[in-house]
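Trainee: Given the sequences, and given the hints that come with them, work out the whole structure.
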Amino acid sequence: MSRHEPFSVARTEELVAQHLHLEGPLLPILHAVQEVFGFVPEAAVPVVASGLNVSRADVHGVVTFYEDFHQKPDGEHVVKICRAEACQSMGGEELAAHAERCLGVSFGQTSADGQVTLEKVFCLGLCATAPAAMVNGDLRGRLSRAGVEAIAREVGR
Amino acid sequence: MSVRLYLPRDAAALACGADKVAKALAAAAPGVPLIRNGSRGMLWLEPLLEVEYHGVRYGFGPVSAADVAGLVSAGILEDPAEVSHPLAIGIVAQHPFMAAQQRLTFARCGVIDPLSLDDYIEHGGYKGLERAMKLAPADIVAEVTKSGLRGRGGAGFPTGIKWKTVLDAEASQKYIVCNADEGDSGTFADRMIIEGDPFQLIEGMTIAGIAVGATRGYVYIRSEYPHAIATLTEAIHKARRLGFLGPKVYGSAHAFELEVRAGAGAYVCGEETALLESIEGKRGVVRAKPPLPAHKGLFGKPTIINNVLSLTAVPHIMAAGAEYYANYGMGRSRGTMPIQIAGNVKHGGLFEVAFGITLGELVEKIGGGTASGRPVRAVQIGGPLGAYFPPALFDTPFDYEAFTAKGGLIGHGGIVVFDDTVDMAKMARFAFDFCSIESCGKCTPCRIGSTRGKETIDRIVAGIDVEANIALVEDLSQTMKLGSLCALGGFTPYPVLSALTHFPEDFRRTAPAVAAE
Numbered sequence: 001m002s003r004h005e006p007f008s009v010a011r012t013e014e015l016v017a018q019h020l021h022l023e024g025p026l027l028p029i030l031h032a033v034q035e036v037f038g039f040v041p042e043a044a045v046p047v048v049a050s051g052l053n054v055s056r057a058d059v060h061g062v063v064t065f066y067e068d069f070h071q072k073p074d075g076e077h078v079v080k081i082c083r084a085e086a087c088q089s090m091g092g093e094e095l096a097a098h099a100e101r102c103l104g105v106s107f108g109q110t111s112a113d114g115q116v117t118l119e120k121v122f123c124l125g126l127c128a129t130a131p132a133a134m135v136n137g138d139l140r141g142r143l144s145r146a147g148v149e150a151i152a153r154e155v156g157r
Numbered sequence: 001m002s003v004r005l006y007l008p009r010d011a012a013a014l015a016c017g018a019d020k021v022a023k024a025l026a027a028a029a030p031g032v033p034l035i036r037n038g039s040r041g042m043l044w045l046e047p048l049l050e051v052e053y054h055g056v057r058y059g060f061g062p063v064s065a066a067d068v069a070g071l072v073s074a075g076i077l078e079d080p081a082e083v084s085h086p087l088a089i090g091i092v093a094q095h096p097f098m099a100a101q102q103r104l105t106f107a108r109c110g111v112i113d114p115l116s117l118d119d120y121i122e123h124g125g126y127k128g129l130e131r132a133m134k135l136a137p138a139d140i141v142a143e144v145t146k147s148g149l150r151g152r153g154g155a156g157f158p159t160g161i162k163w164k165t166v167l168d169a170e171a172s173q174k175y176i177v178c179n180a181d182e183g184d185s186g187t188f189a190d191r192m193i194i195e196g197d198p199f200q201l202i203e204g205m206t207i208a209g210i211a212v213g214a215t216r217g218y219v220y221i222r223s224e225y226p227h228a229i230a231t232l233t234e235a236i237h238k239a240r241r242l243g244f245l246g247p248k249v250y251g252s253a254h255a256f257e258l259e260v261r262a263g264a265g266a267y268v269c270g271e272e273t274a275l276l277e278s279i280e281g282k283r284g285v286v287r288a289k290p291p292l293p294a295h296k297g298l299f300g301k302p303t304i305i306n307n308v309l310s311l312t313a314v315p316h317i318m319a320a321g322a323e324y325y326a327n328y329g330m331g332r333s334r335g336t337m338p339i340q341i342a343g344n345v346k347h348g349g350l351f352e353v354a355f356g357i358t359l360g361e362l363v364e365k366i367g368g369g370t371a372s373g374r375p376v377r378a379v380q381i382g383g384p385l386g387a388y389f390p391p392a393l394f395d396t397p398f399d400y401e402a403f404t405a406k407g408g409l410i411g412h413g414g415i416v417v418f419d420d421t422v423d424m425a426k427m428a429r430f431a432f433d434f435c436s437i438e439s440c441g442k443c444t445p446c447r448i449g450s451t452r453g454k455e456t457i458d459r460i461v462a463g464i465d466v467e468a469n470i471a472l473v474e475d476l477s478q479t480m481k482l483g484s485l486c487a488l489g490g491f492t493p494y495p496v497l498s499a500l501t502h503f504p505e506d507f508r509r510t511a512p513a514v515a516a517e
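If you're matching them up, the sequences are chains A and B in order. In terms of this note's numbering, the first sequence opens at residue 1 and continues consecutively. In terms of this note's numbering, the second sequence opens at residue 1 and continues consecutively.
Calculated from the structure, these hints are not laboratory results. You may find that some hints are simply not true.
[What the hints assert, rightly or not] Dumping the calculated PhoX-like pairs for lysine-lysine here, alpha-carbon to alpha-carbon at most 20 Å:
no., chain 1, residue 1, chain 2, residue 2
1, B, 282, B, 296
2, B, 406, B, 289
3, A, 120, B, 426
4, B, 454, A, 120
Mentor: Structure representation (C-alpha cells):
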C-alpha cells in the first residue's frame, strides 16, 4: 500500500525533462525523484546523469552528501525527532530515548516490518515550542511522553 | 457588531494544533470570517486566537480545539472585550510582550493575511520599492550603507558594502540569493517572516536586484521548512501575476525573477559558498575565499547573498529612510534585531528590539525565566556555533562588538535557555558531535578535529587525564578556530571553550580514574 510509484526509467526521464529549464536542476530533480519513488533508486542515478550530461559519480556524490536523499525506501511512516539544543533544553533527549522504546526502532533505522522509520533532525524551527517532531510531514510541538506514546499508536505501534 | 477571527498558519501554531482549532471554529462559529495570519511571535500562547471587534484585536491563547466551544459560549463573537475567560489576554497589541518591542521588520507579521497583496500594500508594503524606483542604483546602495545594516545571518558584515561590490562588478548576469537555510537551533525568525509576511522578502530582493542590476534571484530554504517553502512559492506566483515580479517590475523597465530552491538537510549549506554550490546542483562543499561571492558567486557571476532578515530590513530602510533605521541601536550595531527566545523559557518567542538591550533583560524579564521554574544556568546565543553564557554575563548588551568582547557572538539572534539540570560537558561534546556530523569534509581541522574533540571530551568525562585532556581540547579549539575554512569548524570552539571557561566544574565531576584503561 505504498503511496509511491515503482521505479521506471521512463518516469525518471520525464522528471529530468521537467526540470531541464532550471539553472542548476540537480537538486530539484532529486527531490522530484524521491517524491515519486519514495527514495533515490540506484538505477535512477545513470538516468539522471545522462539527462544532465554529467558523470554518474557526480550524481552519486550529491545523493550521498545530503541527508534528505536516501538510497533505500523509508518505512510506511516516518517519524523525525529534533535532537538540537533547544529541544535538548526541554528534555528532548529523554523523549528521543522514549521514542526509540515506544517505536521499537533506533534512530536512523527502519523497523523490520517496514512500518516505521525513525530519524533525527537538527532543528524544525519550533524552538520556542520545544521539544518538536515531525510525523509523516505533520509538525508536533511541546511534545511530552504521552505525546510520543500517541505518535507510536498513530503509526501502529 | 460583526467580528473577524484570526488564527495563525505559522508552523509553530500548526505544531500546537492550530488546524484542529480552525476546524472547531468553523463548526462552532459558521459564517464568521477566519483569517489564517502569521504568528505574532508570542509562541507560548500559540495557537493564539484573535477576535477583531471595532477594529481592535483581542487575544485568547493558547487555544486547543476543546476550548473553542467554551470561548464561543463565553461570548467572544459578541463582545470579546467583555469576555472573562482564563485564556483571555486582552488587547494583543497592548500585551507587555508586544508593547515592549520596536517592530520594523516584523511590524506586519501576525497582523495581516500573509498571502494577501492588498493587505501587504495597505500596511505599507511596496513603499520601499516605490522610493527605490525613483533613485539611481548607486543611491539605493548608499542608503543601505548609511542605514548601518549589517548581515543578520551572523557575520555582521555591512550589507551596503557587499551591495556596492556587486554594483561595481561588470557582468552579463548578476544574482540576488537569499540565505533562508536557517539551521541554527534556537532560531526561527526567517521561518516566521517568510510564513507571516512573504511579500516583504520579495520586495527586499527586488530592491536589491534593481540596486545592483541583477535580474534573477533565488531563495534557498531548508527542506525542514515545508510551510515556508509553500507560502513563499505561492506569494511569488501572486507577485508575478500582479506585475510585482517579471520582465517589467511594477510597470518599470526593470526585470526581476525569483525562484525558491529547497535545501536537502545539510546544515553546512547555511554557509554562503556551500549554499551557492548547492543551488548549482553540487555537494554543499565550502569554497575557499577569495574570490568573494560578490565577485564570483552563483554560477561564477557577481552575487549578493544575504540573510532573510537583512533583505527584509531593506524595504523599511528604503521607505522610512536610512536615518530612521540608524536611529535605533547602539555603537556599530544599528537598527533592530529580531531576537528569538527559545528553549527552556517561560515566554519564548520573537522579540524585535533595537540593539542594546541586555541579555538578562531578554532572558529574565521578557522571557520570564525558565519554563521548568528552575534557575537559569546557561544560555546559548547564536545557534550551535555560539557561546554558552552564564547568568554572570547577563549584563552584556545585545550588540555585535559587546558579544565579541565577552567571547561570544550574537549570530542570527537566537537565545536558547537551559536550567540548572544541564550538563555542560555534554553540551560541549554535542558541539563537537554536531560539527562532525555536519562537516562538509573539505578542511581537516573541521572534519577530523571535531571527531578528535568529541573523543577527548569523552575521556575528560570518564576522568582520564582530565587536566591534560582539557589542555588538549583548548589547543585543538585554537587550531579549529584559526585553520578552518568556514564558520562551522571555525566557530565550534565557541560553545566548547565557553563551556570550559564558565562551567569548569562540569568537566571535573569524576574522581581521577586511577586504574582506567
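Trainee: Now tell me, hint by hint, if it's right for this structure.
Mentor: Structure-based check of each hint:
{"no.": "1", "hint": "B:282 / B:296", "in the structure": "16 Å, holds"}
{"no.": "2", "hint": "B:406 / B:289", "in the structure": "27 Å, violated"}
{"no.": "3", "hint": "A:120 / B:426", "in the structure": "18 Å, holds"}
{"no.": "4", "hint": "B:454 / A:120", "in the structure": "19 Å, holds"}
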